[in-house]
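Heads up: the protein sequence lines correspond to chains A and B, in order. First residue of the first sequence? That's 55 in this note's numbering, and the numbers climb one at a time after it. First residue of the second sequence? That's 353 in this note's numbering, and the numbers climb one at a time after it.
Check the hints yourself; a few may be wrong.
As the list claims (entries may be wrong) - With a straight-line Cα cutoff of 20 Å, these simulated SDA-like cross-link-like pairs (lysine to any residue) come out: (1) Lys349(A) with Glu393(B); (2) Lys102(A) with Lys433(B); (3) Lys347(A) with Ala387(B); (4) Lys207(A) with Phe223(A); (5) Lys347(A) with Gly398(B); (6) Lys304(A) with Glu423(B); (7) Lys304(A) with Pro457(B); (8) Lys433(B) with Asp327(A); (9) Lys254(A) with Lys291(A); (10) Lys314(A) with Pro345(A); (11) Lys82(A) with Ser391(A); (12) Lys179(A) with Thr395(B); (13) Lys103(A) with Thr395(B); (14) Lys260(A) with Glu229(A); (15) Lys102(A) with Glu423(B); (16) Lys103(A) with Met91(A); (17) Lys304(A) with Gly394(B); (18) Lys304(A) with Pro164(A); (19) Lys102(A) with Glu434(B); (20) Lys349(A) with Ala387(B); (21) Lys102(A) with Gly398(B); (22) Lys386(B) with Leu305(A); (23) Lys433(B) with Gln283(A); (24) Lys82(A) with Lys179(A); (25) Lys317(A) with Asn458(B); (26) Lys317(A) with Lys386(B); (27) Lys103(A) with Glu423(B); (28) Lys206(A) with Ser273(A); (29) Lys103(A) with Asp289(A); (30) Lys349(A) with Gly398(B); (31) Lys179(A) with Pro374(B); (32) Lys304(A) with Gly397(B).
Keep in mind that the hints were calculated from the coordinates and are not lab data.
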Amino acid sequence: MIKTDILIIGAGPTGLFAVFEAGLLKLKCHLIDSLPMAGGQCAEIYPKKPIYDIPSHPEIMAGDLIKNLEQQIAPFQPGYTLGESAVSIEKTEDEQFIVTTDQGTQHQAPVVAIAGGLGTFEPRKPPLENLKKFENQGVNYIVKDPEFFRDKKVVIAGGGDSALDWTIFLENVAESVTLVHRRNEFRGALDSVEKVQVLKNEKRIKLITHAEVTALKGSEKLEQLTVTQQGTTIDLKCDHFIPLFGLTPKLGPIAKWGLKIEKNAIVVDNSLDYQTNIPGIYAIGDVNTYPGKLKLILCGFHEATLMCQSAFKRIYPDKRNVLKYTTVSGINGFDGSQKQAAKSTIKSIE
Amino acid sequence: MSEDIRIFLTDRRGVRHQLLAPTDMQMNLMEVCKAHELPVEGTCGGMALCASCQCYVNSKHLLSEPSDDEEAMLAEAFHVKENSRLSCQILMTPELEGLEVTLAPND
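So that you can see chain A by itself, here it is in the shape it has in the complex (with noise of 0.2 Å):
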């Protein structure tokens, strides 16, 4: 069991503010996020695009933004729970609550803040009859182990950087690797279009373009798939299809917690502390909502930051607390770190 002080669920640009700020009030932090690294969409969907509303950043990448916000809440050394969801919450008769994860990893903390962007993200599957049927049966939407997909018939469809650093790195270990994509111009890295431009040249791998996967077949397990490439149709025998077509998010178990929920966000109380119906519960950043709620990370930043101080009283509600200033009273890491305002020189002139 995982226990911590502030249980944060998302770690995106708001879940990783909530660390610092919740630091400066000596309270420790862990995180659980479905995607394998911190960052959620910054890191997801949008890493090399520029933010302009970032205050005194007059421009930062978004991947840049989460680098910055990893290297500022260092000192606070925040656990994390990462590619793992969220999936049950249950209060414990001493006001905890325990949260467990799609993987069955229990965290154990007096208040959880839900940062969740838009949700858990989930692979985009291609609208296909056969699809769930064949899930797990052939039909992958992840690589989790390469050695998996050992001498197996492979074929992977998308554009994107996972179609093309798969294809290349499975090239290695399957039997045979088709890349399938609707057009011949590709939106990953220079690098990866590149290399499988020559592991195509040395026929290492298959590459079907203006084409789509139309249809898969099998009894069982998946067997063959139908490609569909201009109007005619290829058959190709096939052990797995890979389709990587990116992640959507969706608020997914969260949703079922027994949250107040208006339009597919956690209601709270913004006029006090970003609480949700549930007394321990906050919700802060893209995932909740209240009347004129802006979708912004720095407004997300704020509410973090009221969130902690209320966590505080929570946690410790017999202790007087004051807010404290950075320039002043520095940062004082878990890790024994600490960070102050030089003192200034006096010097008298003779």
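Knowing the structure of chain A, use the given hints to seat chain B on it.
Using the frame of chain A, we list chain B on its own:
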């Protein structure tokens, strides 16, 4: 203030809506839909990176050519037709008065 234009939008249940859209607010069609509380996700916020705002353009209005980003995204979207566009890439201009569009399925 310039005059609003009318957009005729058919939602996923087949219901036709008349939307009034300002042309001097740098709004795109995805944002106009959201402003009218129509079920358009616009997950990526309008960067042509998610295809959750895909629509079909039914009228013969002359739209700006899709950018490389939009073309790339449409190449990975589902239910794509000849007249598919990402509504976040359609900027509201006076020439689009009377534009007819249908929302694409969202699965």
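We went through each hint and held it up to the structure:
As the CA atoms of Lys349(A) and Glu393(B) are separated by approximately 13 Å, the hinted pair is consistent with the 20 Å bound. The straight-line distance between the Cα atoms of Lys102(A) and Lys433(B) is roughly 29 Å, outside the 20 Å bound, and the hint therefore fails. A hinted pair counts as satisfied when its Cα atoms are at most 20 Å apart, and Lys347(A) with Ala387(B) qualifies at roughly 14 Å. Our distance criterion of 20 Å between C-alpha atoms is met by Lys207(A) and Phe223(A), whose separation comes to about 14 Å.
Note on Lys347(A) and Gly398(B): the hinted pairing holds, with a Cα-Cα distance of about 18 Å set against a maximum of 20 Å. The suggested pairing of Lys304(A) with Glu423(B) is violated, with an alpha-carbon distance near 25 Å, which exceeds 20 Å. For the suggested pair Lys304(A) and Pro457(B), the alpha carbons sit about 16 Å apart, so the restraint of at most 20 Å is met. A C-alpha spacing of about 47 Å is found between Lys433(B) and Asp327(A), which places the hinted pair above 20 Å, so the restraint is violated.
The straight-line distance between the Cα atoms of Lys254(A) and Lys291(A) is roughly 19 Å, inside the 20 Å bound, and the hint therefore holds. For a cut-off of 20 Å, the pair hint linking Lys314(A) to Pro345(A) stands: about 14 Å separates their Cα positions. Among the hinted pairs, Lys82(A) with Ser391(A) is consistent with the structure: their alpha-carbon atoms are about 15 Å apart, no more than 20 Å. Taken as a hint, the Lys179(A) and Thr395(B) pair is honoured in the structure, with Cα atoms around 16 Å apart against an allowance of 20 Å.
With a C-alpha separation of about 15 Å, the suggested pair Lys103(A) and Thr395(B) falls inside the 20 Å cut-off, and the hint holds. At most 20 Å may separate the alpha-carbon atoms for a hinted pair to count; Lys260(A) and Glu229(A) meet this at roughly 12 Å. Straight-line distance between C-alpha atoms of Lys102(A) and Glu423(B) comes to about 18 Å, which keeps the hinted pair within the 20 Å bound. A distance of roughly 18 Å separates the Cα atoms of Lys103(A) and Met91(A); the hinted pair therefore holds under the 20 Å criterion.
Distance hint between Lys304(A) and Gly394(B) is fulfilled; the C-alpha atoms sit about 13 Å from each other, no more than 20 Å. Straight-line distance between C-alpha atoms of Lys304(A) and Pro164(A) comes to about 26 Å, which puts the hinted pair past the 20 Å bound. This hinted pair does not check out: Lys102(A) and Glu434(B) have alpha carbons roughly 29 Å apart, beyond 20 Å. Restraint check for Lys349(A) and Ala387(B): the C-alpha separation of about 14 Å stays at or below 20 Å, so the hint holds.
Taken as a hint, the Lys102(A) and Gly398(B) pair is honoured in the structure, with Cα atoms around 15 Å apart against an allowance of 20 Å. As the CA atoms of Lys386(B) and Leu305(A) are separated by approximately 19 Å, the hinted pair is consistent with the 20 Å bound. Straight-line distance between C-alpha atoms of Lys433(B) and Gln283(A) comes to about 15 Å, which keeps the hinted pair within the 20 Å bound. Pair hint Lys82(A) plus Lys179(A) does not hold up; C-alpha atoms about 38 Å apart against a cutoff of 20 Å.
For the suggested pair Lys317(A) and Asn458(B), the alpha carbons sit about 16 Å apart, so the restraint of at most 20 Å is met. A threshold of 20 Å between alpha carbons decides the hint, and for Lys317(A) with Lys386(B) the separation of about 12 Å falls inside it, so the pair holds. Our distance criterion of 20 Å between C-alpha atoms is met by Lys103(A) and Glu423(B), whose separation comes to about 18 Å. With a C-alpha separation of about 18 Å, the suggested pair Lys206(A) and Ser273(A) falls inside the 20 Å cut-off, and the hint holds.
A distance of roughly 39 Å separates the Cα atoms of Lys103(A) and Asp289(A); the hinted pair therefore is violated under the 20 Å criterion. The suggested pairing of Lys349(A) with Gly398(B) holds, with an alpha-carbon distance near 13 Å, which does not exceed 20 Å. At most 20 Å may separate the alpha-carbon atoms for a hinted pair to count; Lys179(A) and Pro374(B) exceed this at roughly 35 Å. The straight-line distance between the Cα atoms of Lys304(A) and Gly397(B) is roughly 16 Å, inside the 20 Å bound, and the hint therefore holds.
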